[in-house]
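Undergrad: Residue-level listing of the chains:
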Amino acid sequence: MTFLLDVKGLNVRFRTEFGLVHAVNEVSFSVSKGETLAVVGESGSGKSVTALALMRLLDRTALIDGEASFEGVNLFTMSEKEMQKIRGARIGMIFQDPMTALNPVFTVGDQIAEVVLIHRDCTKQEAKTRAIEMMDLVGIPDSRRRVDQYPHEFSGGMRQRAMIAMAIANSPSLLIADEPTTALDVTVQAQVMEVIRSVQESIGLTVMLITHDLGLVAGFADRIQVMYAGQLVETAERDRIFYETRNPYTRALLDSIPSQLGVPGTELKTIGGNPPSLLSPPPGCLFQPRCVHATEDCRMTRPELKSVGQNHLSRCLRSSDLGVLR
Amino acid sequence: MSEPILRIENLITKYPIRAGLLRRTVGHVHALNNVSIDLMPKETLGVVGESGCGKTTLGRSILRLVEPDSGRVMYGGSDVLTANSSGLRGLRKDLQIVFQDPYASLNPRLPINEIVGEPLAVHGVTKAERRARVGEILREVGLLPEHGNRYPHEFSGGQRQRIGIARALILNPSVLILDEPVSALDVSIQAQILNLLRRIQLEKQISMIFIAHDLSVVRHVSDRVAVMYLGRVVEIGDRTSLYENPKHPYTASLLSAVPLADPVTERSRKRIVLQGDVPSPAHPPSGCEFRTRCPIAQERCVTERPAMQSMEGVSVACHFPLGRDESLVSRLNR
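Going down the list, the sequences are from chains A and B.
Numbering-wise, this note's numbering puts 229 at position 229 of the first sequence, and it's gapless, one number per residue.
Numbering-wise, this note's numbering puts 1274 at position 274 of the second sequence, and it's gapless, one number per residue.
Treat the hints with care, as some may be off.
Claimed, not checked - The calculated label-pair distances, taken between Cβ atoms and stated as ranges, are: (1) Asp1101/B x Asn74/A: 38 to 46 Å; (2) Glu267/A x Ser1078/B: 33 to 41 Å; (3) Ile1017/B x Gln149/A: 38 to 46 Å; (4) Val263/A x Ile1017/B: 43 to 51 Å; (5) Pro1041/B x Glu26/A: 42 to 50 Å.
What the hints assert, rightly or not - Straight-line alpha carbon distances no greater than 27 Å define the calculated DSS-like cross-link-like pairs of lysine-lysine that follow: (6) Lys269/A x Lys1093/B; (7) Lys306/A x Lys33/A; (8) Lys128/A x Lys81/A; (9) Lys269/A x Lys1042/B; (10) Lys85/A x Lys33/A.
Said to hold, decoys possible - Residues from chain A that face chain B, not an exhaustive set, calculated with beta carbons under 8 Å: (11) Asn11; (12) Glu67; (13) Ser69; (14) Gly215; (15) Ile257; (16) Leu268.
Simulated from the structure, these hints should not be mistaken for lab results.
Glycine included, every Cβ here is placed at the ideal spot set by N, Cα and C.
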């Protein structure tokens, strides 16, 4: 099987005045054509940094190593000029905050058309026509009129649709969506997720969805990978993550959501303490200080990501004796 | 049935819309439009709604952090809205608030001792006693008395929210208003704060108004729930009836939009996706405010605003409420 994106041994460290921050550690994963991969984690888990590193959007304080082959080329070794031909053309990206991602002094149509003009040999008029077409595709009503409007005339949900239109205007093969609905209300979130899904079907897009929301993932992802403290801790097909959980962190994360299906008013299971400092990560398992299953060995030995089932990996020393966690 | 501890009657709060060079007032936004809610002793009332529905303004209007234009907020026989400054100081001792953003709501230049002890200083408690009480309350919210000498930047988001809760609790209030207390926190930290609030309520028998946009969190903490839309309460009732058999089409569609962290349930759900956005509160639709997005709106909804009516234990403002065991999906397929 060939992968659209294959990441091997990705490390991202940031130089700070206090020393090196290990934001992403030895992350390897691959995305198959047409699938939706969700990357789940809390703040500081390294999920957004992974995406920004792939897009080469981190600034100079970031030290990146590893390999990321995408459509046969390594994203980390190509020149900036070559990378510009990938960004916005082969890989589209949408960000969390549609309010700040659009330029307030240009019309929405100009901003979508600009993406087309940069990557294609076409006239301004053709680019504008393409912009209108894209706005129709993402469900912006009255696109012929709205193409000439400014971002402030758009609501939050409409701005996020415009961002999606921009990201897919050049028919990329991969869309990276970094918390695309976090700033939106639930009814608008439902609309935007429907747009992403329908676009995915109509142009055969592969989607990498980055989110902290396990609810969103349950209905949307084909495969899930969970990150904690810059490491990948568990990855599997969606239902296995929810029903055959093998990693204690994933289990704890699932248990701490007040579910609409749970019993209200009861004590929630919590994860005690806070994530470790990435400045000087402790030896042993990074989740160990907060883990209810931790043993002496967990304090000393850093666990490897191991196979625990079909396409199912977990980073836990005790995964064979703990079995499926409920 | 016991008397409500806090009675909100016909509360109206307007914000002026200013325009032009002279910033003249050209109109008003009705952030709260005739809101009436009773808060019962020891209960948690959840208030949910999307951005711009007026839920934050409601919390602030009760304490007069914004001045309402009319209505009454009755507490212990007096009206908060007409109290003079000394009367208000006394009332605020009993009515406290915790804010959303634990980063913005603590003064970065003050140590925790002073932040948490400030309400006591306002009420004339001596320095020695303040120190003792602050130490005690920090312990109650899961921090250590030693933390009192540190500054806000030394704490994580979850710990800061604990500090905000300690500040609100130090005067032993009987009503606590929580405005999105966990929405800035990661899920694992959010669960810690929700458990803390639950324990505090059991121990201190406080009444709480819990304002949030997250319906799952509100379901978890609330005894009763009020759903707001464009400045009005559209449905209010006990948690179980409201979540299991919503009467208002807005409540039903809001619930249907919430993704559930359970793939099997997600696959079998029929989701109602509301069209469009919440209209601008500066130009609300005629008749029923929700009619522009309502999948079951009719002629009457355009001309006539629905009044609050009681049915099966909840109150709902809709001309065509959903019946017992009737879902929005089944109504649409009828």
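Undergrad: For each hint given before, does the structure comply? Return the numbers of the non-compliant ones in rising order.
TA: The structure breaks hints 3, 5, 6, 11, 12, 13; every other hint is satisfied.
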